[in-house]
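Undergrad: Here is how the chains run, residue by residue.
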Amino acid sequence: MKKSKILVATVFAAIIGLITIAADHIDAPDASGTTADITDFYAFEAEDTNNLVFVANVQGLLSPTATSTASFAENVMVEFNIDTNADNVEDLVIQAIPKDGKMYFFGPYKPNTTGLNSTINEMATKSEVAISSSTAIIANQNGMKFFAGPRDDPFFMDFARYGAIIGGTATGFNNPGADTFAGTNVLSIVVEVPKSEIGGTGTINTWVEAKTKQ
Amino acid sequence: MKIYKIKYLAIAVFSLFVMSCNNDDKDDDMIKITTDFSGTFVQKDQMGRPAVNTVFVSAASKDTFNTTIPSEQGAVFQSMFETNIKALSPAYANAGDKNALGLDAAAFTGLLATDVLNVSLDGKTTFFDGTNVLTGRALADDVITVELILIFGGEEGLSNSENPTLSDDNVSANDKNFLTSFPYLASPW
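Top line first, the protein sequences correspond to chains A and B.
According to the numbering used here, numbering within the first sequence proceeds without interruption in unit steps and concludes at 214.
According to the numbering used here, numbering within the second sequence proceeds without interruption in unit steps and concludes at 1189.
These are computed hints drawn from the structure, not numbers from a lab.
Treat the numbers as computed from the prediction; the structure is a model and nothing was measured.
Check each hint, because a few of them may be wrong.
Said to hold, decoys possible - Coverage of chain B stretches by chain A, computed from C-beta distances (three or more under 8 Å per stretch; other residues unrestricted):
#1 1110–1124
#2 1131–1141
#3 1173–1186
Said to hold, decoys possible - Restraint-style ranges between C-beta atoms, simulated for each label pair:
#4 B:N1170 x A:G168: 38 to 48 Å
#5 A:M123 x B:A1093: 49 to 59 Å
#6 B:A1087 x A:N142: 41 to 51 Å
#7 B:G1096 x A:T119: 41 to 51 Å
#8 A:E122 x B:G1096: 52 to 62 Å
#9 A:G167 x B:L1158: 20 to 30 Å
#10 A:N75 x B:A1140: 25 to 35 Å
#11 A:S133 x B:S1079: 13 to 23 Å
#12 B:A1107 x A:D30: 26 to 36 Å
Stated by the list, open to error - Capping the alpha-carbon separation at 25 Å, the derived lysine-lysine pairs in DSS-like fashion look like this:
#13 B:K1124 x A:K195
#14 A:K213 x B:K1062
#15 B:K1086 x B:K1062
#16 B:K1086 x B:K1098
#17 A:K102 x A:K213
In this text, a Cβ means the ideal position worked out from N, Cα and C, and glycines have one as well.
Next comes chain A alone, as it looks inside the complex:
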């Protein structure tokens, strides 16, 4: 019984090691398994249709046990990038960075510089929320809503079967498939912001970045 469990775990680890995975979970060597590994990014209209919601998840495939000790790293800043004029360069950013049990948010504001290296403008709109454990703590500040803490991984996919197909040991998906991410958690950052503050109307281009302090 134990041996087979270990075997399954080993095979699973081998699959993960061989094939990069899923939405953005462990997508590249430099980020994989670190506190700066983005697993997913969502942007959708809020319950209040005047608002838009941004979700960034990091540190995927956390078991319930691992979740209790997982934490946001204070040297990692998560940055939502918003391009309002269709040139794929950020015109606005919302920056999230943890410190002493709280997640601090700056923005949305126009960054001093665009691109790979960022600073935080402490004169920008500043908000904060206590980092949650299992029960969600929500902050309403500056017309926005904020959350940071562990959540069920919202991503779903039969990743194990996809790995087998790409690896040449299977020729197609099973029906029904099995959600490889069932029962696992991520660390989530959720921001709800008035559309009027991020372009108002039309289409924006957005992406999320994890940046580590130099």
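Model the placement of chain B on the given structure of chain A, informed by the hints.
TA: What follows is chain B alone, placed relative to chain A:
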């Protein structure tokens, strides 16, 4: 009476003084906290649309993809994406082959290589719901099946896939229900 008044006044003045000292301390603390946000933060990972780096970027280039700004990604990565999608899917094997969006390998990878998520501020936000295409990404969107259809399904991928066992992973929903209100994601396990 007068003496009492003076005493009270003295206490009040003294407590004001103490309070302002405390206020000063708080200000100092705030300055200390804000200085902790100084410094330069250097990019490690980035993501726009789901699974793009995972599926389309060659193994040796995955870190480079994460540190190439979106406005430069198309020029650097489109041809790699096109080579990889043709190697991955028989649905693009013949000249002129297209996917369900009417895009051939060059056009589809040209769209994907710039890895940003397009989001509408004017209405339904969904990766694909049968009508709206790439107007956002909602939690319940079955993005992997949409991408599999566009990669493996061919011209009629939505209704008559060329590779039916490859164009749906048959996992169509999350293992927990999402919330209708903020923070929308389900509680952790």
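Undergrad: Of the numbered hints stated earlier in the document, which are not met by this structure?
TA: Those not satisfied are hints 4 and 11.
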